[in-house]
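Given the coordinates of chain A, work out where chain B should sit on it, guided by the hints.
Spelled out from the first residue to the last, the chains are:
There are 2 protein chains.
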Amino acid sequence: MKEEIRKILKKSLTCWDKLSIRQQNLLIDNSSFVHYCKNEFIHNTDTQCMGIFFVKSGSMRIYINSSEGREITLYRLNNGSLCLLSATCVLKSITFDIYMDAITDCDVMKISPTVFSSVMNNNVYLEAFAYKEATERFSDIMWTLQQILFMSFDKRLALFLLNESKNTPAASINMTHEQIAKLLGSAREVVSRMLKYFSTEGLVKLSRGKITILNKTGLKKLL
Amino acid sequence: MKEEIRKILKKSLTCWDKLSIRQQNLLIDNSSFVHYCKNEFIHNTDTQCMGIFFVKSGSMRIYINSSEGREITLYRLNNGSLCLLSATCVLKSITFDIYMDAITDCDVMKISPTVFSSVMNNNVYLEAFAYKEATERFSDIMWTLQQILFMSFDKRLALFLLNESKNTPAASINMTHEQIAKLLGSAREVVSRMLKYFSTEGLVKLSRGKITILNKTGLKKLL
Chain A
0 MKEEIRKILK KSLTCWDKLS IRQQNLLIDN SSFVHYCKNE FIHNTDTQCM
50 GIFFVKSGSM RIYINSSEGR EITLYRLNNG SLCLLSATCV LKSITFDIYM
100 DAITDCDVMK ISPTVFSSVM NNNVYLEAFA YKEATERFSD IMWTLQQILF
150 MSFDKRLALF LLNESKNTPA ASINMTHEQI AKLLGSAREV VSRMLKYFST
200 EGLVKLSRGK ITILNKTGLK KLL
Chain B
0 MKEEIRKILK KSLTCWDKLS IRQQNLLIDN SSFVHYCKNE FIHNTDTQCM
50 GIFFVKSGSM RIYINSSEGR EITLYRLNNG SLCLLSATCV LKSITFDIYM
100 DAITDCDVMK ISPTVFSSVM NNNVYLEAFA YKEATERFSD IMWTLQQILF
150 MSFDKRLALF LLNESKNTPA ASINMTHEQI AKLLGSAREV VSRMLKYFST
200 EGLVKLSRGK ITILNKTGLK KLL
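Chain order of the listed sequences is A and B. Residue numbers for the first sequence follow numbering that gives the first Met the number 0, so the first one is 0 and each next one is one higher. Residue numbers for the second sequence follow numbering that gives the first Met the number 0, so the first one is 0 and each next one is one higher.
It is worth saying that the hints were derived from the structure and are not from the lab. Treat the hints loosely; a few may be bogus.
Same chains, same label: a pair holds when it works inside one copy or across any pair of copies.
[To be verified] Restricting the straight-line Cα-Cα distance to at most 25 Å, the calculated cross-link-like pairs of lysine-lysine (DSS-like) are:
| hint | residue 1 | residue 2 |
| --- | --- | --- |
| 1 | 165 | 1 |
| 2 | 1 | 219 |
| 3 | 181 | 195 |
| 4 | 1 | 215 |
| 5 | 220 | 91 |
| 6 | 91 | 195 |
| 7 | 154 | 195 |
| 8 | 10 | 215 |
| 9 | 195 | 17 |
| 10 | 154 | 220 |
| 11 | 9 | 181 |
| 12 | 17 | 91 |
| 13 | 109 | 17 |
| 14 | 6 | 181 |
| 15 | 17 | 181 |
| 16 | 165 | 195 |
| 17 | 204 | 1 |
| 18 | 154 | 9 |
| 19 | 209 | 55 |
| 20 | 37 | 154 |
| 21 | 10 | 165 |
Bound conformation, chain A alone:
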């Protein structure tokens, strides 16, 4: 098991070779495997710090919550993803609440947040790595929130997909992202990114030159 943990750490922490042997062993000795069942809510009793997650198999999501219980998915973690944002005790600058649950059955490797934190405080390479990862995640999150916040393009695209699918028996639209972008007066990148978001939300399935609607009710809720 130690060997498997070492392999995962070496692969996902790109600064692994800049850690001392002692630091590497500390991280290895304080990582472990956990299984989560589908729909399981992940939380931790010690002050909300969920720790650092590496998803071996399955799919998890990170979301924020309003006081009325409305949820917004910030991003998904699939096979091979590392998640640092959940470790609010490591990245102390993260001051908002983050929630997490398992979308499917998941096998996860957890790194102890206190040990990671202490290694990070003594190794500037790991510190740079952690904050760079966080900045990248935030950048993606900002894009998502910006789209939702201005409530224009997600609605427009949802409406478009619903209208187009009316005429097809299999609720699928045979169009490229480029074609849709032209029809909506938008850019291909914007269409692709929003479709990707719809797909991670389970609303549509994307395949080459084709979009299949999986959850019509979900798309209608966006309107």
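Then chain B, alone, in the frame of chain A:
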């Protein structure tokens, strides 16, 4: 002038002592002072990379823009603030558009983004510093967006302030944040943070045990 630049860099880049003399001099030689007039829009011809800003005096703001021209202020930069998020060519992970303008007349020190970037790539301490700064900003931004996104508390607080001020001649509310929190069934921290946001937006002025409404129309627009 060089001496003043050195002083500012030393103070605002907390990792200054970890830079080599050559790296320090590179940053000093490639920083300069700029003056912006009130309401001036700040942009740069070379691919939107505005560079790194240190506000010596005055007040600037960073905002995002919807295609319909709706603006959301992400944060303000006041005297003594350093802004790295504007340097999208330095923090390459930032992929969304950021805009900036001067709220008042401003004296700003600008660090060349290309030079900063090259020093950062050769000095992990500066890299860690930059990404940590970005993570902290993002955390604040997330809080703001989350409040606006769920459109509940900002509205509720605005409505409360408008109603309370009706009965006072000077459009001021003599209450502590704690008292308001109790009346709104919220936490004092949430009230304080939102009031601080209102105040940076110029809607209210905060003083001990008292809130003065500066812009009634602005508050009404939130409803």
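Tested hints:
1. 165 to 1: neither (54 Å within a copy, 67 Å between copies)
2. 1 to 219: neither (48 Å within a copy, 60 Å between copies)
3. 181 to 195: within (18 Å within a copy, 42 Å between copies)
4. 1 to 215: neither (46 Å within a copy, 63 Å between copies)
5. 220 to 91: The answer is neither: 36 Å in one copy and 34 Å across copies each exceed 25 Å.
6. 91 to 195: between (30 Å within a copy, 21 Å between copies)
7. 154 to 195: within (15 Å within a copy, 32 Å between copies)
8. 10 to 215: neither (39 Å within a copy, 55 Å between copies)
9. 195 to 17: neither (35 Å within a copy, 42 Å between copies)
10. 154 to 220: Both ways: residue 154 and residue 220 sit 9 Å apart in one copy and 23 Å across, limit 25 Å.
11. 9 to 181: For residue 9 and residue 181, neither the intra-copy (44 Å) nor the inter-copy (50 Å) Cα distance is at most 25 Å.
12. 17 to 91: both (23 Å within a copy, 22 Å between copies)
13. 109 to 17: within (21 Å within a copy, 33 Å between copies)
14. 6 to 181: Classified as neither; 46 Å inside a copy, 52 Å across copies.
15. 17 to 181: neither (48 Å within a copy, 51 Å between copies)
16. 165 to 195: Within one copy only: 21 Å inside a chain, 48 Å across chains, cut-off 25 Å.
17. 204 to 1: Neither, since 38 Å and 58 Å both go past 25 Å.
18. 154 to 9: neither (42 Å within a copy, 48 Å between copies)
19. 209 to 55: neither (30 Å within a copy, 54 Å between copies)
20. 37 to 154: Answer is neither; intra-copy 29 Å and inter-copy 37 Å both fail.
21. 10 to 165: neither (46 Å within a copy, 62 Å between copies)
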